[in-house]
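K.L.:
Chain by chain, the residues:
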Amino acid sequence: MLSVVLHFYKNFWIILHVVAWGGWLAVGAPVGEEWWGMIAPLFWLKLASYGVVWLLMQTFSRQGYLFYQNLGYSPTALFMGAFGLDMVLFFTLLTTIRWSLLLF
Amino acid sequence: MEPITILEIDSVELSFDERKILQSVYLKIPRYQITSILGRNGCGKSSLLQIVFGTMRATHKSVRVNGRYVESLYRQGNVARYLPQHPLTPSSMKVKEALKWYGVELTEAKYDKLPTLISQRMEELSGGERRFIEALMVLLSPVPFVLLDEPFTNLAPIYVEALKQHIVEQKQNKGILITDHLYREVLDIADQNYLIQNGTTYLLTNPRQELVDRGYLPG
Numbered sequence: 001m002l003s004v005v006l007h008f009y010k011n012f013w014i015i016l017h018v019v020a021w022g023g024w025l026a027v028g029a030p031v032g033e034e035w036w037g038m039i040a041p042l043f044w045l046k047l048a049s050y051g052v053v054w055l056l057m058q059t060f061s062r063q064g065y066l067f068y069q070n071l072g073y074s075p076t077a078l079f080m081g082a083f084g085l086d087m088v089l090f091f092t093l094l095t096t097i098r099w100s101l102l103l104f
Numbered sequence: 001m002e003p004i005t006i007l008e009i010d011s012v013e014l015s016f017d018e019r020k021i022l023q024s025v026y027l028k029i030p031r032y033q034i035t036s037i038l039g040r041n042g043c044g045k046s047s048l049l050q051i052v053f054g055t056m057r058a059t060h061k062s063v064r065v066n067g068r069y070v071e072s073l074y075r076q077g078n079v080a081r082y083l084p085q086h087p088l089t090p091s092s093m094k095v096k097e098a099l100k101w102y103g104v105e106l107t108e109a110k111y112d113k114l115p116t117l118i119s120q121r122m123e124e125l126s127g128g129e130r131r132f133i134e135a136l137m138v139l140l141s142p143v144p145f146v147l148l149d150e151p152f153t154n155l156a157p158i159y160v161e162a163l164k165q166h167i168v169e170q171k172q173n174k175g176i177l178i179t180d181h182l183y184r185e186v187l188d189i190a191d192q193n194y195l196i197q198n199g200t201t202y203l204l205t206n207p208r209q210e211l212v213d214r215g216y217l218p219g
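Protein chains in written order, with the working numbering: chain A, 1 to 104; chain B, 1 to 219.
Hints are computed from structural coordinates only; laboratory data are not their basis.
Take the hints with a grain of salt, since some may be wrong.
To spell it out: a stretch of chain B is covered by chain A in this simulated footprint if at least three of its residues, at any positions, have a beta carbon under 8 angstroms from a beta carbon of chain A; those stretches are [claimed, not checked]:
hint	stretch
1	88-95
2	208-214
Cut-off 25 angstroms, straight-line C-alpha distance, at most; resulting in silico cross-link-like pairs (SDA-like, lysine to any residue) [unchecked claim]:
hint	chain 1	residue 1	chain 2	residue 2
3	B	K171	A	G72
4	B	K96	B	N66
5	B	K100	B	G77
6	A	K46	A	G22
7	B	K100	A	Y73
8	B	K100	A	L2
Treat the numbers as computed from the prediction; the structure is a model and nothing was measured.
No residue lacks a Cβ here, since even glycine has one placed at the ideal position from N, Cα and C.
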């Protein structure tokens, strides 16, 4: 399952990360106390950009699902898996960067 | 676990706006046989395959595997695979990677061009080569049923013949549902044939004559 989700996620991971990191940088790349206040807005930004990706794929690239459906995975399962993966990757990386900047 | 031996579809009803596309459809697809669906353009063949596979919603449908109702065939996991009319594989994917995902091995002995194709990306193949590779990917998949929507489209005659041979070989393991406008090729290999006309399926007992009588072929 993870390898299939990862493969699906590779189709659009760049755009999601550009938007999220762009959002973080746009508010001055906070790492101090104000960092905590950024978590919720970043989550909603990610959710919104994810919704746009979903809408674009539903509109222009529905045929692209068939490769994965042949492997037994529904578009809903793929999107939910990819969203979870994206959240984990982004917030893990963001936390790592914050800790690195605070420590050094 | 009992082996999967039969796929049945009935009570299919599909409408677009007010227009009824499919109604009173019945298909019985036994494993170890090739079943064909013929019909004019726009009669609902591709829609029916997608409904069977579970990737298109219908107003009504009943799909059964060994008599057991399934909501979505593709979600049953390794019961069926489907070759659509359009390209199936992500264009940037390499041929060998796509084959690996689908659990398919092609031997070099059987395909002289394989060593050159295998390391290429799907987008680098010609339309016919890509169609042939994708048809084989689905056909040789380790599943009991495959649904092939116009597999001969864009293929050179030599590939058509090769694919026909493969389809006949694969019926030793699988039930194969095929639809294509190359009716001669289809009738050559099919064990049973259905015609879709006015949204309804008819099992043909004397295909060539009935196809003329029902207006699918010129008299």
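K.L.:
Each hint needs a verdict: does it hold in this structure or not?
P.N.:
Now the hints, each set against the structure:
no.: 1; hint: 88-95; in the structure: holds (count 3)
no.: 2; hint: 208-214; in the structure: violated (count 0)
no.: 3; hint: B:K171 - A:G72; in the structure: 22 angstroms, holds
no.: 4; hint: B:K96 - B:N66; in the structure: 34 angstroms, violated
no.: 5; hint: B:K100 - B:G77; in the structure: 17 angstroms, holds
no.: 6; hint: A:K46 - A:G22; in the structure: 11 angstroms, holds
no.: 7; hint: B:K100 - A:Y73; in the structure: 17 angstroms, holds
no.: 8; hint: B:K100 - A:L2; in the structure: 16 angstroms, holds
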